[in-house]
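Participant: Listed below, chain by chain, are the residues.
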Amino acid sequence: MSMHYFANPARFTRLAGRIQPLAGCLAAILLIVGLYLALVQAPADYQQGETVRIMFVHVPSAWMALFCYSFLAVASAVALIWKHPLADLAAKASAPIGAGFTFLALVTGSLWGKPMWGTWWVWDARLTSVLILLFLYLGYMALWQAIEDSQKAAKAAAVLALVGAVNVPIIKFSVDWWNTLHQPASVLRMDGPAIHPSMLWPLLIMALAFKAYFVTLLLARMRMELNLRRIRALRLAERSS
Amino acid sequence: MESVTEFMSMGGYGGYVWPAFGIVLFVMALLWVASMRGWRNSEKILATLRNSRREREDVAE
Amino acid sequence: MKQLGAIIQRDLRLAARQGGATFLALVFFVLTVTLFPLGIGPEPAVLARVAPGVLWVAALLAAMLSLDRLFQADFEDGSLEQLALSGLPIGGVVLAKIIAHWLTTGLPLLLAAPILAVLLNMDDEGFAALMLTMLIGTPALSLIGAIGAALTLTVRRGGVLLSLLVLPLYIPVLIFGVSAIDAAVHGLNAKPHLLLLAALTVACLPLCPWAAAAAVKLSLE
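So the sequence lines, in the order shown, correspond to chains A, B and C. According to my numbering, the first sequence is numbered sequentially starting from 1. According to my numbering, the second sequence is numbered sequentially starting from 1. According to my numbering, the third sequence is numbered sequentially starting from 1.
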């Protein structure tokens, strides 16, 4: 099967129509199971008490924040190099989802930090990097918005995504570097204790639920973008005829 | 009843645990509704555009 | 190589004729730094503590504000298209314009920085490091900024968007620049910080003009 097998938009729409409801149901089921495990089944941590439950939404959100950006970067590379017609739609569709999870990682991290550190925000290396990641998402979405010609917007956004992807590790490294210079004396690490198996299951199931949710929304948003593209073409054709 | 209040209090940390889960579900639901609505709207607009086009072509014939 | 020099000369002549832009970036730099003592109080110890950070943040903002004229004027009057059609590699054209941009903004900032450092009561040990970091770091600002400037070429009133695109990418320059000065002020070894900053600039040197050229090309299509 070649790269361009799914390049046919009609084939993609058919396939997406089949996968999307499945992924949606899977997301709902996994989310309910995960929430039950996280809130009821999982034991409280002996050090952090019940606050450790926040981890079950915070850590998967943070994973998704990074995952969505990687997805966005790979899709942008595919769009630029192989000119795959669906790749820039996939990149565009994944950005708001990634930004949402990045925001959630920040808010839940803050809600976890308050009882742990005694303050809502510390300039901890990880929180700071995630905040910068949010700015990268916002810049990417703003660029799409700002350029009217959608083909130019797609290319410009793809270039920006790749520049961002090259920079993410550099920014991460520099923020870590900065943090070791300014390490406050007694900050509890976010890692907490080593993960006990009873915590691993709810964490994994929540992470899978978020992945299924991502797939569902990605397909819906890609179909929307595809439709918008067709609508634009139809209207243009009408105007010229 | 007591176990419910105990569950809600989350060992005194209910004020942090519940908002955290609440905002995650809220944002996820919001994004879900917005995406699905956007997609359905686009399907509708596309369908009407195609219909009107077909009608016009029929008239032309 | 000769043509590269010709483009740089042309840009410098244009900047000299208009004159205003370089001067404005410099005034902005001085003004921003002046705001800090007014905002946080004139206590010398406090100012000395924040001086490296304030100088670098102000330099970042001043460099960013001058980015819009990197390609914009040439894009609007069509000379950018002519340069692209002239058969010169567009990456070379972009690099030449970046060098001209650095000469008209980075270099003046570099020269003004020590005077402002005196006003902020910065420690004497930090001056050499300040000059070195500015010398190594400001080219990276022009290089990275060129990508943002090229991407927002077709955007009307792209100033705010440009800041959103470029400032996150400037963060490593800020961190390594300030940490080198801080290390020097505290009598520590500034060399690792300077080396990291230099590595950053060297890595930007081939990559940024290339990415910026890709962005310029697509706005010329």
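Just so you know, the hints here were simulated from the structure itself, not pulled from any lab data. No residue lacks a Cβ here, since even glycine has one placed at the ideal position from N, Cα and C. Check before you lean on any hint, since a few could be wrong.
To be verified - Now the in silico label distances, taken between C-beta atoms and shown as ranges: (1) Ala-10(A) - Gln-82(C): 30 to 36 Å; (2) Ala-199(C) - Val-33(B): 52 to 58 Å; (3) Arg-235(A) - Val-160(C): 29 to 35 Å.
Said to hold, decoys possible - Once the Cα atoms are required to be at most 27 Å apart in a straight line, the calculated DSSO-like pairs of lysine-lysine come out as: (4) Lys-83(A) - Lys-217(C); (5) Lys-152(A) - Lys-191(C); (6) Lys-172(A) - Lys-217(C); (7) Lys-172(A) - Lys-114(A); (8) Lys-172(A) - Lys-211(A); (9) Lys-83(A) - Lys-152(A); (10) Lys-217(C) - Lys-2(C).
Participant: Each hint should be assessed against the structure and marked as holding or not.
Facilitator: Evaluated hints:
1. Ala-10(A) - Gln-82(C): 30 to 36 Å: violated (43 Å)
2. Ala-199(C) - Val-33(B): 52 to 58 Å: violated (47 Å)
3. Arg-235(A) - Val-160(C): 29 to 35 Å: holds (30 Å)
4. Lys-83(A) - Lys-217(C): holds (16 Å)
5. Lys-152(A) - Lys-191(C): Violated, because 43 Å separates the two Cα atoms, which is more than 27 Å.
6. Lys-172(A) - Lys-217(C): Outside the cut-off at roughly 30 Å; violated.
7. Lys-172(A) - Lys-114(A): holds (24 Å)
8. Lys-172(A) - Lys-211(A): holds (24 Å)
9. Lys-83(A) - Lys-152(A): holds (13 Å)
10. Lys-217(C) - Lys-2(C): Holds, at roughly 22 Å.
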